[in-house]
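Colleague: Sequence:
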Amino acid sequence: MVDYDLSFDVNSLLTPEEADKYFNENGDEEAQNEPIDNTEEKPAEEEVKPSEKVGSGEIEKEPEGNAINQKGGGSSPTFYSSIASALKNDGIFPDEFTDDEISAVNSPEDFAEMFEKAIEKRMSDSQQRIDKALRDGVEPDVVRNYEQTLSYLSSISDDALTAEGDEGDALRSRLIYNDLINRGFTHEKALKEVEKSMKSGSDVEDAKDALSALTRFYSESYKKLRKDAETAAVAAREKQKQDIETFRKMILEDDIKIGDKPLDKRVRQKVYDAVMKPVYKDPDTKQELTLVQKFQRENPMEFLKQLGLWYVLTDGGKNVDNLVQEQVRAEKNKGIRELEKKINSTQLGPDGSLRYMSGNQMGDDTLLSDGWEVVKGQ
Numbered sequence: 001m002v003d004y005d006l007s008f009d010v011n012s013l014l015t016p017e018e019a020d021k022y023f024n025e026n027g028d029e030e031a032q033n034e035p036i037d038n039t040e041e042k043p044a045e046e047e048v049k050p051s052e053k054v055g056s057g058e059i060e061k062e063p064e065g066n067a068i069n070q071k072g073g074g075s076s077p078t079f080y081s082s083i084a085s086a087l088k089n090d091g092i093f094p095d096e097f098t099d100d101e102i103s104a105v106n107s108p109e110d111f112a113e114m115f116e117k118a119i120e121k122r123m124s125d126s127q128q129r130i131d132k133a134l135r136d137g138v139e140p141d142v143v144r145n146y147e148q149t150l151s152y153l154s155s156i157s158d159d160a161l162t163a164e165g166d167e168g169d170a171l172r173s174r175l176i177y178n179d180l181i182n183r184g185f186t187h188e189k190a191l192k193e194v195e196k197s198m199k200s201g202s203d204v205e206d207a208k209d210a211l212s213a214l215t216r217f218y219s220e221s222y223k224k225l226r227k228d229a230e231t232a233a234v235a236a237r238e239k240q241k242q243d244i245e246t247f248r249k250m251i252l253e254d255d256i257k258i259g260d261k262p263l264d265k266r267v268r269q270k271v272y273d274a275v276m277k278p279v280y281k282d283p284d285t286k287q288e289l290t291l292v293q294k295f296q297r298e299n300p301m302e303f304l305k306q307l308g309l310w311y312v313l314t315d316g317g318k319n320v321d322n323l324v325q326e327q328v329r330a331e332k333n334k335g336i337r338e339l340e341k342k343i344n345s346t347q348l349g350p351d352g353s354l355r356y357m358s359g360n361q362m363g364d365d366t367l368l369s370d371g372w373e374v375v376k377g378q
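Residues in the sequence shown are numbered from 1 upward in steps of one, following the numbering used here.
Hints were generated in silico from the structure; no laboratory data involved.
Each residue gets a CB set at the ideal place from its N, CA and C atoms; glycine is no exception.
Misleading hints may appear alongside valid ones.
[What the hints assert, rightly or not] Below, a list of computed lysine-lysine pairs in the DSS-like style, where the Cα atoms sit at most 27 Å apart:
1. K239 <-> K223
2. K257 <-> K305
3. K192 <-> K257
4. K239 <-> K277
5. K208 <-> K224
6. K270 <-> K318
7. K192 <-> K208
8. K286 <-> K239
[Unchecked claim] Derived Cβ-Cβ restraints for the label pairs, each shown as a range:
9. V312 <-> P278: 29 to 35 Å
10. E139 <-> V312: 37 to 43 Å
11. R297 <-> D260: 32 to 38 Å
12. G316 <-> G137: 31 to 37 Å
13. E298 <-> R266: 22 to 28 Å
14. E230 <-> V267: 36 to 42 Å
15. K189 <-> F247: 53 to 59 Å
16. V312 <-> D90: 58 to 64 Å
17. G137 <-> K189: 36 to 42 Å
Build out the structure end to end from the sequences listed, making use of the hints.
Modeller: Structure representation (structure tokens):
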């Protein structure tokens, strides 16, 4: 029986330094996973301007006179293409970008997309593969394991496969064993086949076949994993776009009333911006936050308190009128208490009638108004 450790684990095949070497040649996964910052720093307390209509298509003017394009940007369309052209001339953007591509950069979104393409063109194939996998949501540890495994398999030379001695025997045994396991053999059956191969002298050819099979197996598995992640990411982004549009219509187009009073467009816009418009960037995570997200992060307990109050007073959002009715009920109860207090403090005549006035300063026939006489107590 061959006495080798045949488990195919990158950590057992390579030293930590060697394993890191294969992966770090493709770039550090944390650096690859960090989103590219293409936005300007926003002040922490930036004012939300109600006049900034989402999808309104209004054209306003900046103090310097630059027209705001209808996509919501703060500069003219040529502003971004001019910057892109300057970056290409300075060698920051690659020469592969054509003049037509440069002139088509007319918005912040266009510029950000071109900047990402410029970064990707500076990456090797493996770096691009890692970056995309991480951006599509594949776990860094999974990416690392696949990249290390494929790098290790591709590094095995014919000389290593045909080497004499324990080191060569161990390598061939591991390759044959793991190929058999991938093909569905049990541990015991795989060990018997490895021993048979080593004794018959076919281990070199078997190891070469196993290396090809393993490379193909992990390549296809990695490709499928990345494809599934890409499909899921595209679906998630599409759902997010649909959710944003649904929310926009709910706030800006659907009827919203507080009591019997419709909510005006200015207030609706402020509600939408508070939930959807980023106004703050976390200095540590670089995550952009809306007013509501910022409030939740800075005041988590108060946020839960306000959410709980809203949930109860609106019956889980089913009846916004309760917010008004609760105030009306409180005012009504206050009025009833005041009326009771006045009634209890008013003197009654022997016949039970209210004595509105006492004394006889105004005489018996004094009138309060047409047809009303002062009731005198007996």
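Colleague: All hints, please: hold or fail.
Modeller: Each hint tested on the structure:
1. Simply put, K239 and K223 have alpha-carbon atoms about 24 Å apart, close enough for the 27 Å limit, and the pair holds.
2. Note on K257 and K305: the hinted pairing holds, with a Cα-Cα distance of about 23 Å set against a maximum of 27 Å.
3. Restraint check: the Cα-Cα separation between K192 and K257 comes to about 77 Å, which exceeds 27 Å; the hinted pair is violated.
4. A hinted pair counts as satisfied when its Cα atoms are at most 27 Å apart, and K239 with K277 qualifies at roughly 18 Å.
5. At most 27 Å may separate the alpha-carbon atoms for a hinted pair to count; K208 and K224 meet this at roughly 24 Å.
6. Between K270 and K318 the CA atoms are separated by roughly 22 Å; this keeps the pair inside 27 Å, and the hint holds.
7. A C-alpha spacing of about 19 Å is found between K192 and K208, which places the hinted pair at or below 27 Å, so the restraint holds.
8. For a cut-off of 27 Å, the pair hint linking K286 to K239 stands: about 24 Å separates their Cα positions.
9. Checked against the hint of 29 to 35 Å, the pair V312 and P278 passes, with Cβ atoms roughly 30 Å apart.
10. Distance hint for E139 and V312: a CB-CB separation of about 40 Å, consistent with the stated range 37 to 43 Å.
11. Roughly 36 Å separates the CB atoms of R297 and D260, a value that falls within the hinted 32 to 38 Å.
12. In this structure the supplied range 31 to 37 Å holds for G316 paired with G137, their Cβ-Cβ distance being about 32 Å.
13. A beta carbon spacing of about 26 Å between E298 and R266 agrees with the range 22 to 28 Å that was offered as a hint.
14. In this structure the hint that E230 and V267 lie 36 to 42 Å apart at CB holds, the actual value being about 41 Å.
15. For the hinted restraint 53 to 59 Å between K189 and F247, the CB-CB distance of approximately 57 Å keeps it satisfied.
16. Restraint check, V312 to D90: a C-beta distance of roughly 60 Å satisfies the suggested window 58 to 64 Å.
17. Distance hint for G137 and K189: a CB-CB separation of about 37 Å, consistent with the stated range 36 to 42 Å.
The earlier numbered hint that this structure contradicts is number 3, and it is the only one.
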